[in-house]
Amino acid sequence: GAGVSQTPSNKVTEKGKYVELRCDPISGHTALYWYRQSLGQGPEFLIYFQGTGAADDSGLPNDRFFAVRPEGSVSTLKIQRTERGDSAVYLCASRPGLAVNTGELFFGEGSRLTVL
Amino acid sequence: TQLLEQSPQFLSIQEGENLTVYCNSSSVFSSLQWYRQEPGEGPVLLVTVVTGGEVKKLKRLTFQFGDARKDSSLHITAAQPGDTGLYLCAGARRGSTLGRLYFGRGTQLTVWP
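Respectively, the protein sequence lines represent chains H and S.
Residues 379 to 494 (the numbering used here) make up the first sequence, in order.
Residues 133 to 245 (the numbering used here) make up the second sequence, in order.
Fair warning: there could be bad hints in the mix.
To be verified - Which residues of chain S face chain H? A partial, calculated answer using Cβ under 10 Å: (1) Q141; (2) L143; (3) G174; (4) L218; (5) R232; (6) F235.
By construction, these hints were calculated from the structure, which means they are not laboratory data.
Yeah, the Cβ is synthetic: ideal placement off N, Cα and C, and Gly gets one too.
I would like the entire structure built from these sequences, with the hints used as guidance.
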């Protein structure tokens, strides 16, 4: 597709359940980011992938959060034992590789997670 | 604690009015970006400023980066209903991961016809 694609667009789950959120970046973009945007807040950095590896995961709030990008394209954000405080919009963004750096992040529309 | 403080948080004005949104920090940034976000969508980049004192114009929008690279402002002239949206400033810190941005809380702008 032309832009960053995220699925599902909305996810409602119960406290304690496991969820997976998927991101399909712009074709050819080697850098991929996950951000979280809580209600009334700006996006907050979670994790950055350059290729297949997590180059910076220091933004993950705790060990219930994990993300993978096994083939250097699609990424999945995994949240275990969800809590009500995890409710937020999870944004994925991508960027061309280091050789082409205009600094611009291209964001998807986000996955809205609601934990009841 | 937000690294970047935006003000005002909400702004409701009539079409044709001018407005300024501020983004302030006690930290120095290597660059600062302004994004616009509409409901149900991700942020879209408007501009990047990298040099202290830099001024960039995008049609009716004027962006300024403070001399010390700690603050920025967005000025809109003759606002239009199509300018309605959430305006976010985001800074990159020297030595931080490339693409790791520190966002402000945003300014929700509503322009009434």
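Hints, one by one, checked against the model:
1. Q141: holds (8 Å)
2. L143: violated (15 Å)
3. G174: holds (3 Å)
4. L218: holds (9 Å)
5. R232: holds (5 Å)
6. F235: holds (3 Å)
Hint compliance for this structure: hint 2 alone is broken.
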